[in-house]
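Please arrange chain B on chain A, whose structure you already have, making use of the hints.
2 protein chains.
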Amino acid sequence: MPTFTPGYLEQVGEDLFHACGAPVAEARMVAEDLVQASLMGLESHGVTRYIWYAEECLAGHIRPGAPITLAKETGTTAIVDCGFNFGLVSARFMVDLAEQKARDNGMACVLSQNSHHVGRLGTHPQRLAERGLVALAFANSVKAGHFVVPFGGREGRLATNPLAFAVPMNGQPMVLDMSTSMIAEGKIRVLMHSGQPIPPGSILDAEGAPTSDPLAFYGPPRGSILPFGSPDLGYKGTGLALMVEILSGILAGASSTTDLPHINGLCLIAIDPDAFCGRERFVALMQELSDYITGTPAAPGHTGVIMPGGLDFARRDQRMQTGIPLSDETWRLITEVAGKVGVKLADQ
Amino acid sequence: MPTFTPGYLEQVGEDLFHACGAPVAEARMVAEDLVQASLMGLESHGVTRYIWYAEECLAGHIRPGAPITLAKETGTTAIVDCGFNFGLVSARFMVDLAEQKARDNGMACVLSQNSHHVGRLGTHPQRLAERGLVALAFANSVKAGHFVVPFGGREGRLATNPLAFAVPMNGQPMVLDMSTSMIAEGKIRVLMHSGQPIPPGSILDAEGAPTSDPLAFYGPPRGSILPFGSPDLGYKGTGLALMVEILSGILAGASSTTDLPHINGLCLIAIDPDAFCGRERFVALMQELSDYITGTPAAPGHTGVIMPGGLDFARRDQRMQTGIPLSDETWRLITEVAGKVGVKLADQ
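If you read the protein sequences in the order shown, they are chains A and B.
Following the numbering used here, the numbering of the first sequence begins with 1 at its first residue and continues without gaps.
Following the numbering used here, the numbering of the second sequence begins with 349 at its first residue and continues without gaps.
Just chain A, with the same shape it has in the complex:
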């Protein structure tokens, strides 16, 4: 598989999204965040998305350079109208706003309207944690993404509704980023393309019967994904998914049952540790906690315990050296869509 340096791929993304109509600075924001996800090995939210994002620009679903405005605001809260700019551009705006409000008033909650795809959810609380804040993030998807059954049901009513949580530490922050379903839709697609079965207990066919066959999921008729914690504790996964739906959708005034033109609803909550125990003590206690957790003797069959996000940061460090692998097909499609918007890619 060909590999690329992160700097080269960032330049490709910047050129591509600029040619789609984005100001250079905004084109660069999108490229940077997608390259970061690829560096972490989270390719479903990485450079592969260059293709879809460019196509969405061509289709008019993403509006590069569109103004991002405040639909409603108080000292601690805001609803941001993302105007169908790139979701990674509007999320950066929301992060900056949440940071400012949390510094001024101890905490903040910022919600989106009219947001396109927000990428890897952990990106956003991670950025707040890198600036010294404690941050929560929740993202739903509109009805077209309702692949996940509520516990006890056999038709999708919720999306994979991820939640993320990040806090400052010495060095890299701790970043939890998890879906509230048994498996992500993107992972089912990857397994299907490589001819592998889906892990048992993850998906249902259209009749509501368990299956390991990705074709039974995609249909038609379409199957569904089970909530996290299935089979016995799936009510917890459904509860978490509803929490995500309510905080990132309903609280912003978005109906769960209407076909809406946006992609994600995003909710960011930022908390300033200086309003509580103080940043210095917080980071010291996090170090103590991290040592305590990672010092747990390993269970049989395991190599040890790591903190959330630890594997992702390790892979990022490694790929900074070795480069980012992309499949020939992914690279071909990036080249193709670049051609459509008149960008000829320089050799690496």
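Partial chain B-side listing against chain A, Cβ under 7 Å, derived: (1) P498; (2) V515; (3) L524; (4) I619; (5) R629; (6) V653.
If you're looking for bench data, these hints aren't it; they were derived computationally from the structure.
Ideal Cβ placement from N, Cα and C applies to all residues, glycine included.
What follows is chain B alone, placed relative to chain A:
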């Protein structure tokens, strides 16, 4: 099993805790919340706790009537020093404070210090939701309660660290209240006493090997509880447990690794929907979501889908009519501890 009316048990609790030294109003708060949990069928956090709470008063670990003070405060945030009053008294103080701040400033985050046991966690966000707010709650336990292994480990490093979420609806609020482990310690005890095995995949023995034997959990040497999502997705449960630990412990300045005299750390976050889409629209959208979720066709082997907390409220309504059953042994122990503090229980 003898059954009791909720009114009678509330009076018993009020008399008992008043005799322990609590002002009547505070004694009544504790009794009310424990009776509510019993009505919901959550007896591990119900009237059964009369016994332990009274003993904790006698031991000086609960300090009835102790002042509850503000250790630190801003317009949106506070650390409340609970002074080892009953946890259900200090939590009520925290709820009132979070409500006031959220109404004044859109949102609030209130943390505890020196809190005794906060009872059923859902109690607190439910109370905020009944007052029209969206609320999150997180509770950790100090090191003595570290029964739960982090994913990949074989020694307890976290408590069962529940999280709860409640929102206003027409009628009863939606209340999610879940531990971040595969099973609660109290449930292991109940199964042991009734001679039943523990569900497979829930606990480890002291060597880190899977077991269904409650005696292998209690030891000595003590075993441990697996994180929610085990065996394959336990890293998510550990991530959630760490989120709870950080928000309810570390943010308040409490070390995770020190033997501390308090029982729970409590974090409450309250959000006023009027700062976002408005209360009226919020409740209308919740009704729409609830209809959509509960209208999901049932999967084979299931009877349908309910909203979080729905079973608890149904059982409460039923027990308001039929009374609260308590085992003979529980009632004997309540009578016994009442005698110790000079309370002779009236006949029902």
